[in-house]
Amino acid sequence: MRHLLSTADLSKDEAVGLLDTAAQMAATQSREIKKLPTLRGRTVVNLFFEDSTRTRISFETAAKRLSADVINFSAKGSSVSKGESLKDTALTLHAMGADAVVVRHWASGAPYQLAHAGWLDAAVLNAGDGTHMHPTQALLDAYTMRRHLAGRAGGLAAPADDGVGADLAGLRIAIVGDVLHSRVARANVALLHTLGAEVTLVAPPTLVPVGVEAWPCRTSYDLDATLADWRPDAVMMLRVQRERMSGGAGAFFPSPLEYTRYYGLDARRLAQLADHAIVMHPGPMNRGLEISAEAADSDKAVIVEQVANGIAVRMAALYLLMAGDRSAEGNDL
Amino acid sequence: MNPGPALPEVPEPDGTTVLGASDVARALTRIAHEIVERSRGVDDLVLLGIPTRGVTLARRLAERLAQIDPAFDADACTGELDVTMYRDDLRRQPTRAVGITRLPAVGIEDKTVVLVDDVLFSGRTIRAALDALGDLGRPRAVRLACLVDRGHREVPIRPDFVGKNLPTAQSERVRVRLAEVDDVADAVVIAGRDGSTDVRSTR
Amino acid sequence: MSTDLTMGTITYVLRGVRPLGGDAVDVVLADGVVAEVAEAGSATAEGATVIEAADHVLLPGLVDLHTHLREPGREDAETVASGTRAAAVGGFTAVHAMANTSPVADTAGVVEQVHRLGQQAGWADVHPVGAVTVGLDGVRLAELGAMADSAARVRVFSDDGKCVHDPILMRRALEYVKAFDGVVAQHAQEPRLTEGAQMNEGVVSAQVGLAGWPAVAEEAIIARDVLLAEHVGSRLHVCHLSTAGSVEIIRWAKSRGIDVTAEVTPHHLILTDDLARTYDPTYKVNPPLRTAADVEAVRQGLADGTIDIVATDHAPHTREDKDCEWGAAAFGMTGLETALSVVQQTMVDTGRLTWSDVARVLSTAPARIGRIEATQGRPIAVGEPANLTLVDPTATRTIDGAAQATSSGNTPFRGHELPGQVVATFLRGRATVLDGAPVAPVDGVVSAP
Ligand SMILES: [Zn+2]
Numbered sequence: 001m002r003h004l005l006s007t008a009d010l011s012k013d014e015a016v017g018l019l020d021t022a023a024q025m026a027a028t029q030s031r032e033i034k035k036l037p038t039l040r041g042r043t044v045v046n047l048f049f050e051d052s053t054r055t056r057i058s059f060e061t062a063a064k065r066l067s068a069d070v071i072n073f074s075a076k077g078s079s080v081s082k083g084e085s086l087k088d089t090a091l092t093l094h095a096m097g098a099d100a101v102v103v104r105h106w107a108s109g110a111p112y113q114l115a116h117a118g119w120l121d122a123a124v125l126n127a128g129d130g131t132h133m134h135p136t137q138a139l140l141d142a143y144t145m146r147r148h149l150a151g152r153a154g155g156l157a158a159p160a161d162d163g164v165g166a167d168l169a170g171l172r173i174a175i176v177g178d179v180l181h182s183r184v185a186r187a188n189v190a191l192l193h194t195l196g197a198e199v200t201l202v203a204p205p206t207l208v209p210v211g212v213e214a215w216p217c218r219t220s221y222d223l224d225a226t227l228a229d230w231r232p233d234a235v236m237m238l239r240v241q242r243e244r245m246s247g248g249a250g251a252f253f254p255s256p257l258e259y260t261r262y263y264g265l266d267a268r269r270l271a272q273l274a275d276h277a278i279v280m281h282p283g284p285m286n287r288g289l290e291i292s293a294e295a296a297d298s299d300k301a302v303i304v305e306q307v308a309n310g311i312a313v314r315m316a317a318l319y320l321l322m323a324g325d326r327s328a329e330g331n332d333l
Numbered sequence: 001m002n003p004g005p006a007l008p009e010v011p012e013p014d015g016t017t018v019l020g021a022s023d024v025a026r027a028l029t030r031i032a033h034e035i036v037e038r039s040r041g042v043d044d045l046v047l048l049g050i051p052t053r054g055v056t057l058a059r060r061l062a063e064r065l066a067q068i069d070p071a072f073d074a075d076a077c078t079g080e081l082d083v084t085m086y087r088d089d090l091r092r093q094p095t096r097a098v099g100i101t102r103l104p105a106v107g108i109e110d111k112t113v114v115l116v117d118d119v120l121f122s123g124r125t126i127r128a129a130l131d132a133l134g135d136l137g138r139p140r141a142v143r144l145a146c147l148v149d150r151g152h153r154e155v156p157i158r159p160d161f162v163g164k165n166l167p168t169a170q171s172e173r174v175r176v177r178l179a180e181v182d183d184v185a186d187a188v189v190i191a192g193r194d195g196s197t198d199v200r201s202t203r
Numbered sequence: 001m002s003t004d005l006t007m008g009t010i011t012y013v014l015r016g017v018r019p020l021g022g023d024a025v026d027v028v029l030a031d032g033v034v035a036e037v038a039e040a041g042s043a044t045a046e047g048a049t050v051i052e053a054a055d056h057v058l059l060p061g062l063v064d065l066h067t068h069l070r071e072p073g074r075e076d077a078e079t080v081a082s083g084t085r086a087a088a089v090g091g092f093t094a095v096h097a098m099a100n101t102s103p104v105a106d107t108a109g110v111v112e113q114v115h116r117l118g119q120q121a122g123w124a125d126v127h128p129v130g131a132v133t134v135g136l137d138g139v140r141l142a143e144l145g146a147m148a149d150s151a152a153r154v155r156v157f158s159d160d161g162k163c164v165h166d167p168i169l170m171r172r173a174l175e176y177v178k179a180f181d182g183v184v185a186q187h188a189q190e191p192r193l194t195e196g197a198q199m200n201e202g203v204v205s206a207q208v209g210l211a212g213w214p215a216v217a218e219e220a221i222i223a224r225d226v227l228l229a230e231h232v233g234s235r236l237h238v239c240h241l242s243t244a245g246s247v248e249i250i251r252w253a254k255s256r257g258i259d260v261t262a263e264v265t266p267h268h269l270i271l272t273d274d275l276a277r278t279y280d281p282t283y284k285v286n287p288p289l290r291t292a293a294d295v296e297a298v299r300q301g302l303a304d305g306t307i308d309i310v311a312t313d314h315a316p317h318t319r320e321d322k323d324c325e326w327g328a329a330a331f332g333m334t335g336l337e338t339a340l341s342v343v344q345q346t347m348v349d350t351g352r353l354t355w356s357d358v359a360r361v362l363s364t365a366p367a368r369i370g371r372i373e374a375t376q377g378r379p380i381a382v383g384e385p386a387n388l389t390l391v392d393p394t395a396t397r398t399i400d401g402a403a404q405a406t407s408s409g410n411t412p413f414r415g416h417e418l419p420g421q422v423v424a425t426f427l428r429g430r431a432t433v434l435d436g437a438p439v440a441p442v443d444g445v446v447s448a449p
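Chains as they are written, first to last, in our numbering: chain W, 1 to 333; chain H, 1 to 203; chain L, 1 to 449.
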């Protein structure tokens, strides 16, 4: 792997390999000594053009657990906010000898540009770009699903060995909410399809992108029917940005109350889920809007575990991108 | 141990078989006896195989230890130790897959740990294994068993139990074939003697 | 017509050329006009420069109805001088300079300045386009009459870059310009439907996560405007048509006898929104690149005459405005130096247009829409002004942005191999381009329409 830019670039073998590596990383994180010497002497730059303390800390923890040096380069309070261009920033990081750049950016495609414009020869790891992709989020989601559900399609027993080596064949995943603006949804649809799962997107029509018909998934405007008739193994609730309901004539739905009534995961809908089904959310949650407190705190919710799995998945990604001889890596992922 | 159907002998096309299946079996039996002797019994003894073939060899040694002394619980006292993330040569090669580390059920704290590998060469793998072990706990003692010692050490490491000392040239490669892993009869093969063939080492 | 000081001293014999792609002849240029059209190999002229041009196609000088010269205000991206030099290299003898400069060309003063800069540069006739509304703000009509009466004789009015979206303002503009036979050139973009939009809305935008720019945002404005033009009996010009639906609406409007003309850019004839997958802002343009089906529809529209002209929408931008994130980059691509080649590749080499048609869509028709048909887009005949373009259609060239005459490098054809090479361009008998390279105008030479 040369870069990790989009889950659409991952083959099934690569995706399963990434999850398996994450499983080994996770195993090291239950030990007393969590730190591995693997990336000693290597430098990871966290380049954040958009605030996200949670994601930055997760990457920073992952890099430090692998003994890499971490430099946090935030758009806030640095030359970036004074108008330094992406290009100049890239050239600076190149001069600093960064081995990997973890980039979060408000602009879709910025990580792709960093990887391909020739400004920088470091590995580029997309930590979320605009409304495009968030590959490590999708990988940690898939990792979490695999731990709980691999081989469960059709109600078989829970997976042995946390599902190592397995894909997600036959699982049914419902992704509910603001698909239009969601990099998490895009990243998940591509990865889940590659891993053999079936996906149904559930959203009001205003929050489904034009062109969704080319995505490898189904769409529905009816959450109740999806839960009752399709019987998902996992329900992933997407965060609804408050700004989506302002803007007067341009608002995407009439009111928070109406959104919750049709698309919120509340106690009643939670009770409809199969016994083995899990509830996911990429965080941070709007309790009472897309997810009720009952759902968020229920036994089915794996939301806190998703955060922990995020570190293992990011360790795996950093390991696979940085540990080996990069000149020998042909694949651009 | 179920010997199963006889597996075909598949010698290296350009190699010389230096140990056959019965030689391997004899060497392992001898090592097992030496371990018991040196440790004055099987109490607090655990085996850790280094993937891939070291894991198989550790399992075979454990079975022999249990035959020597039924007090030895082969399943509970055998594990595997992946050293990939501790290697010092990661940057020199394409990315390696991270293997599985599975500690024995009885743990390693205050135990006598015997590391088991197939071929001892530069010693760097064992150096990495010692680092990995240090992060996992604090054994009372650590010993090293290997099926073949081919010399050319690059770090001050020396085995405690050796199946066969095999003088080799740096350019030669030594391959260990094990029935469980390779689907051929057990063998140790040395190749590239004239230096003209491929010079990959086995580890 | 003012006198070119060099007139009468430079005579050219174009030997073996094929006017509009027809039979080979010799064409003699003298005193700024076509002096003689003779049997191939027969013409001689004392002291003339002879250009051996067997199999080269001779076209009337190309006329661009849609050029951004950036001066005044963004001289770092392009100047009137550099932009018109690029025009000459591309075979153009006249360009219409869009009004979205800084200050905006919304007064007689600014349009006269741009006009004068064009004369001083001497590469091509520069016809300023006047803004429809003050400051392009879409609120109040600019002084259209004053611009029409100025030395620049403005006949084309446009807020290009922005849409005249207020329907009553658009109606007033359409009506008002009738007094001086002007035309409103509409940049059709419904602003509310395109807030924050980055690329064509469809399968690709859904995948790459860039905000979508729906075809309907263009089509709704065109539909409204053709109905308005019909109602008030005005003529309307639609800039850079980019969707199949837009072609359909124009076809319908023309069938009803509405006085509408339409243009397509070279890039919309060949490039698709698939290029957004590269996130290379070179491909970010307004209106956005559309789908392959839309490309086919605009080619068809151009072939059957629904679309009247090809106009470049040459939009130079500095490196800083393009070497950045797609979302932060400026809209636009350069086009003057590649337009003819793109038309050849997509329309001529495919058999959909003849060279005579090319003369129509790139010279005669735009000159007529811009009301400069007295001097540009003329027939190739004795006595006509020698505004001519000589093309070698058998040549191929690989585009190198850095080597172009324009000041900006944002060509979408960087590295592409395109057919056809402009060998020479003549502005009133004087060569502005010879052997494919610009020929600097002699100091003090003033060329005026
Ligand atoms: Zn425009």
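Think of the hints as simulated: they come from the structure by calculation, not from any bench.
Note that the structure is a prediction, hence the values are computed from the model and not measured.
Incorrect hints may have been included.
Which chain L residues face chain W? A few, computed with CB under 10 Å, are given here [what the hints assert, rightly or not]:
| id | residue |
| --- | --- |
| 1 | Gly202 |
| 2 | Val204 |
| 3 | Leu271 |
| 4 | Asp274 |
| 5 | Arg277 |
| 6 | Ala328 |
| 7 | Asp392 |
Taking beta-carbon pairs under 10 Å as the criterion, some of the chain W residues facing chain L (in silico) [unchecked claim]:
| id | residue |
| --- | --- |
| 8 | Ala8 |
| 9 | Ile57 |
| 10 | Ala110 |
| 11 | Tyr112 |
| 12 | His132 |
| 13 | Pro209 |
| 14 | Phe252 |
In this text, a Cβ means the ideal position worked out from N, Cα and C, and glycines have one as well.
Going down the list of hints, with the structure as the test:
1. Gly202: Constraint on Gly202 (chain L) satisfied, holds at 5 Å.
2. Val204: Where the cut-off is 10 Å and the nearest Cβ of chain W is about 7 Å from Val204 (chain L), the hint holds.
3. Leu271: Since the shortest Cβ distance to chain W is 17 Å, the answer is violated.
4. Asp274: 12 Å, violated
5. Arg277: Arg277 (chain L) check passes; min Cβ-Cβ to chain W is 9 Å, inside 10 Å.
6. Ala328: Result: holds, 6 Å to nearest chain W Cβ.
7. Asp392: 35 Å, violated
8. Ala8: It holds, given that the least Cβ distance between Ala8 (chain W) and chain L is near 8 Å, below 10 Å.
9. Ile57: Where the cut-off is 10 Å and the nearest Cβ of chain L is about 24 Å from Ile57 (chain W), the hint is violated.
10. Ala110: 5 Å, holds
11. Tyr112: With a minimum Cβ separation of about 5 Å from chain L (threshold 10 Å), the hint on Tyr112 (chain W) holds.
12. His132: 3 Å, holds
13. Pro209: 4 Å, holds
14. Phe252: 13 Å, violated
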